[in-house]
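Engineer: Chain order of the listed sequences is A and B.
Going by the numbering used here, the first sequence opens with residue 16, and the numbers climb by one from there.
Going by the numbering used here, the second sequence opens with residue 769, and the numbers climb by one from there.
Rather than coming from a laboratory, the hints here were simulated on the basis of the structure.
A portion of the hints provided could be inaccurate.
[Unchecked claim] Listed next, the in silico DSSO-like pairs over lysine-lysine satisfying Cα-Cα at most 27 Å (straight line):
| id | chain 1 | residue 1 | chain 2 | residue 2 |
| --- | --- | --- | --- | --- |
| 1 | A | K69 | B | K948 |
| 2 | A | K127 | A | K144 |
| 3 | A | K247 | A | K228 |
| 4 | A | K168 | B | K858 |
| 5 | B | K858 | A | K166 |
| 6 | A | K116 | B | K960 |
| 7 | A | K126 | B | K858 |
| 8 | B | K960 | B | K948 |
| 9 | B | K948 | A | K89 |
| 10 | A | K116 | B | K948 |
| 11 | A | K121 | B | K960 |
| 12 | B | K961 | A | K69 |
| 13 | A | K122 | B | K961 |
| 14 | B | K960 | A | K69 |
| 15 | A | K122 | B | K960 |
| 16 | A | K127 | B | K960 |
| 17 | A | K354 | A | K226 |
| 18 | A | K116 | A | K134 |
| 19 | A | K329 | A | K293 |
| 20 | B | K961 | A | K168 |
| 21 | A | K353 | A | K247 |
| 22 | B | K858 | A | K69 |
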Amino acid sequence: MVSIELKNITKSFNNNKVIDNISFSVEKGEMVSILGPSGCGKTTTLKIIAGLVKPDSGEIFFNGGSVLHTPVEKRGGVLVFQDFLLFPHLNVEENIGFGLKMAGVKKNERKKVVAEMLKLVQLEGYEEKYPRELSGGQKQRVAFARALAVKPKVLLLDEPFSNLDTRLRETMREFTCEIQRKLGITTILVTHDKEEALMSSDRIIVLLDGKIKQSGTPTEVYFKPACLRVAKFFGHKNFIEGIVRNGVLSTAMGNYPIQGIENGDYQIMIRHEEIKLKKGTENSAGIVERSWFAGERTYYIVKVKDFSLHCIEKQNKIFAEGEKVDVVIDFNEGVFFKKENYCR
Amino acid sequence: MDSKLKPYMLLLPAIIVLLGIFMAGLLSALVQSLGYFPVVGLKKITFEYYLEVFKNQDFLKSLFFSLYISLTSSVAAVIIGVLLAYLIVKSQYKEGIETVLYKLPIIVPHMVAALLIFNILSQSGILPRIFFNLGIIRDQSQFCNLVFDKNGIGIVTTYIWKEIPFVTMVVYTILNNLNKELLEVALNLGAKKWQGFIYVALPLLMPTIGSAFIIIFAFSFGAFEVPYLLGPTYPKALPVLAYTAYTNPDLTNRPYAMVISMILTIVSVILILLYTKFFRLLNDYNR
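Chain A with its partners taken away, still in its complex shape (with noise of 0.2 Å):
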């Protein structure tokens, strides 16, 4: 187990900066996610920490040591591929087997801890299946007890869930974290579903663009976004323009008093959840614009003025299109940006 730090690092590709100057640490036994959509450096973060990309400038520190130049394959770093990658010609056990056999260790003891690591996976029996022969779960759990075979310093895990099913997905995840916390082992998560990251992290990196916009705990992350794209890619969508003077909030759906807030222009995010409806009369300003049932609740986009409102309500109350709706909104439970934080 190890504590990382990465210091300054950066990488090009063809003049193309994909990562652009990133510092973060993860603690010994922690479990962070690297949250970010496609292209924005997250798979070349992980190669870059196990060793098989070389960053263009930077350090990288196991347990405060440098290990920028200590080769792939002595540094400890393993990585569960997001389509695992599991070699086709050789079966489960010699796949699992795999890292120990260049290791040097002997057939025995090998043999001893594939069977540990099929015990773990719950895939005993398995020993002489190829990899064309098992569904996805399986190749991933044998992707997985592969790469905790070597007892690797830290765990990377580059989308290890995005090629499986929804259901797959969510077994899969616990079955992770579930390991994960059994060995107490540093996790880096890589993924762009941010409830995947949310439910899976002791603590979220948000990378946008190359660069780290956020760290922090899932709370943290998603309730106090750091900037607007933040809050944008963690799907928030109620967005509102006003100005605070003296504790009053004025936008163009009125005026509001706030506490806490100074004085300036501000984008305020509301988060759908915290917008509550309530059956309306002829002289409600909302209207239900669309809705969509989900089972346990109800997505709505109710009409206030100009704004289109994104809200959910639980599956008790149902709204029809077109009914008029009261619209409470409590803007001292919103984030309030001020325009150099919108990090466009």
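The hints should help you fit chain B onto chain A, whose structure is shown.
Structural biologist: Using the frame of chain A, we list chain B on its own:
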């Protein structure tokens, strides 16, 4: 007409011509090898000719000579071809080399290749002349006999020269498309670069290498022109022996020629079966 039968009926003329010619030739060779050749009064079906051929020292020497030529040239071509493919994949100039190598095996027929080797290796060839002019040998006749020799050096050299580009290109295509990330996985799991090549790249290339080996082995085992032009008078390569027996004015020798041809056919069928197995393995890896 039944719509299910229609495509088969439409294909029938082509199938009759293709299979008809092939099967007629094969059956004719088979019955003649079993001693049925009524034109010269041989009407008794017997395995006698097979037994005689297998007891014949000339045949056995020819069989081993053919196996030796095919095996030596194919193994050498595969080893050099694989290394060359690896170097081309690593080379920054691969586009240029690739184009040239593609053309080489296509534009030079085996017969021309045999003549080229003859012009270089025979005692009146280019190599002895260079050696003579450099003063290494006093007379061109002192140059060791590399064509028409018992070791089949000329034949083997011709086949190696012709087959290396074929192996190179077949292996190069697969090697170039081999998932590079699998090698990254190997390194990431602690393998050194050479271990990645030995334990990952090479096994994944094996079906391709095996297929290429079988193709060139089968060709060199059954080909006639190169051993006919560059081979020794004794022992003759198997196809040359079959041809000699076939062209013998004494037609009662015909069953012997057909026995040799049938043996060549059986070896080819075995090689085709092996090739199919390798091909299936290749498909399995890509699934």
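Engineer: Now tell me if each hint is right for this structure.
Structural biologist: Okay, the hints, checked on the actual structure:
1. A:K69 <-> B:K948: holds, 17 Å
2. A:K127 <-> A:K144: holds, 18 Å
3. A:K247 <-> A:K228: Status holds; Cα separation ~12 Å.
4. A:K168 <-> B:K858: At roughly 32 Å apart (the allowed maximum being 27 Å), K858 of chain B and K168 of chain A break the hint.
5. B:K858 <-> A:K166: violated, 32 Å
6. A:K116 <-> B:K960: Distance of about 12 Å is within 27 Å: holds.
7. A:K126 <-> B:K858: Distance of about 36 Å is beyond 27 Å: violated.
8. B:K960 <-> B:K948: holds, 15 Å
9. B:K948 <-> A:K89: Roughly 19 Å between the alpha carbons, so the hint for K948 of chain B and K89 of chain A holds.
10. A:K116 <-> B:K948: holds, 20 Å
11. A:K121 <-> B:K960: Roughly 18 Å between the alpha carbons, so the hint for K121 of chain A and K960 of chain B holds.
12. B:K961 <-> A:K69: holds, 16 Å
13. A:K122 <-> B:K961: At roughly 22 Å apart (the allowed maximum being 27 Å), K961 of chain B and K122 of chain A satisfy the hint.
14. B:K960 <-> A:K69: Holds. K960 of chain B to K69 of chain A sits at ~17 Å (cutoff 27 Å).
15. A:K122 <-> B:K960: holds, 19 Å
16. A:K127 <-> B:K960: Distance of about 24 Å is within 27 Å: holds.
17. A:K354 <-> A:K226: holds, 19 Å
18. A:K116 <-> A:K134: Holds - the C-alpha atoms of K134 of chain A and K116 of chain A are around 20 Å apart, at most 27 Å.
19. A:K329 <-> A:K293: holds, 12 Å
20. B:K961 <-> A:K168: OK: K961 of chain B and K168 of chain A at ~21 Å, within 27 Å.
21. A:K353 <-> A:K247: Holds: K353 of chain A and K247 of chain A sit about 15 Å apart, inside 27 Å.
22. B:K858 <-> A:K69: Holds, at roughly 19 Å.
Checked against the numbered hints above, the structure violates hints 4, 5, 7; every other hint is satisfied.
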